[in-house]
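**Student:** Sequence:
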Amino acid sequence: MIQTLEDMTSSHASTNQTDAILEKRWNPKLPQGSLRKDFFEIHPTAASFKGMLYKIRKHAMRCMEDSFAYAKDKWDKSHATSDFKVGDLVLESTTNFNNIKGFKKLKYSFAGPFVIKAHHGELLFK
Numbered sequence: 030m031i032q033t034l035e036d037m038t039s040s041h042a043s044t045n046q047t048d049a050i051l052e053k054r055w056n057p058k059l060p061q062g063s064l065r066k067d068f069f070e071i072h073p074t075a076a077s078f079k080g081m082l083y084k085i086r087k088h089a090m091r092c093m094e095d096s097f098a099y100a101k102d103k104w105d106k107s108h109a110t111s112d113f114k115v116g117d118l119v120l121e122s123t124t125n126f127n128n129i130k131g132f133k134k135l136k137y138s139f140a141g142p143f144v145i146k147a148h149h150g151e152l153l154f155k
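In my numbering, the protein residues as written are 30 to 155.
Rather than coming from a laboratory, the hints here were simulated on the basis of the structure.
Among the clues, some could well be false.
[Said to hold, decoys possible] So the derived label-pair ranges between C-beta atoms look like this: (1) Glu52 / Arg91: 22 to 32 Å; (2) His108 / Lys130: 48 to 58 Å; (3) Ala140 / Ser96: 34 to 44 Å; (4) Lys53 / Thr123: 55 to 65 Å; (5) Tyr137 / Asp105: 26 to 36 Å; (6) Lys103 / Leu152: 50 to 60 Å; (7) His108 / Gly141: 15 to 25 Å; (8) Lys103 / Ser138: 22 to 32 Å.
[Said to hold, decoys possible] Listed next, the in silico DSS-like pairs over lysine-lysine satisfying Cα-Cα at most 25 Å (straight line): (9) Lys53 / Lys87; (10) Lys84 / Lys53; (11) Lys53 / Lys79; (12) Lys87 / Lys101; (13) Lys84 / Lys114; (14) Lys114 / Lys87.
Note that beta-carbon positions come from the ideal geometry of N, C-alpha and C, so glycine has one too.
Starting from the given sequences, assemble the full structure and let the hints guide the process.
**Tutor:** Here's what the structure looks like:
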């Protein structure tokens, strides 16, 4: 169904607002001055359009920086570095052991303790 101007500008019974106000934040038959004041200014002149693009780009950059900071915080909280040294006793997880017979539910979750003999990388030990 193609919405006509009458459909877009007639008030809805439950919200008492038009579909255009809810979707686009302005009525097509009203002048552009009825836009929300906290929304980006949309006007057909080139200077206003350039200013609008600048505001939108600045807002998008701020949102991206906030998103990157949030993702970094989540990563740092969930990925702790190990501080094992040669000679420490450690337990090894058995979740990827394929040679365990019987029910996994009844087996131990960890094997060990094992002594660290050498440190070969950030997360690689012998």
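**Student:** The structure should be examined with respect to each hint, and the outcome stated for every one.
**Tutor:** The hints, checked one at a time:
no. : hint                        : result
1   : Glu52 / Arg91: 22 to 32 Å   : holds, 25 Å
2   : His108 / Lys130: 48 to 58 Å : violated, 33 Å
3   : Ala140 / Ser96: 34 to 44 Å  : holds, 40 Å
4   : Lys53 / Thr123: 55 to 65 Å  : holds, 58 Å
5   : Tyr137 / Asp105: 26 to 36 Å : holds, 31 Å
6   : Lys103 / Leu152: 50 to 60 Å : violated, 20 Å
7   : His108 / Gly141: 15 to 25 Å : holds, 23 Å
8   : Lys103 / Ser138: 22 to 32 Å : holds, 26 Å
9   : Lys53 / Lys87               : holds, 21 Å
10  : Lys84 / Lys53               : holds, 18 Å
11  : Lys53 / Lys79               : holds, 20 Å
12  : Lys87 / Lys101              : holds, 21 Å
13  : Lys84 / Lys114              : violated, 52 Å
14  : Lys114 / Lys87              : violated, 47 Å
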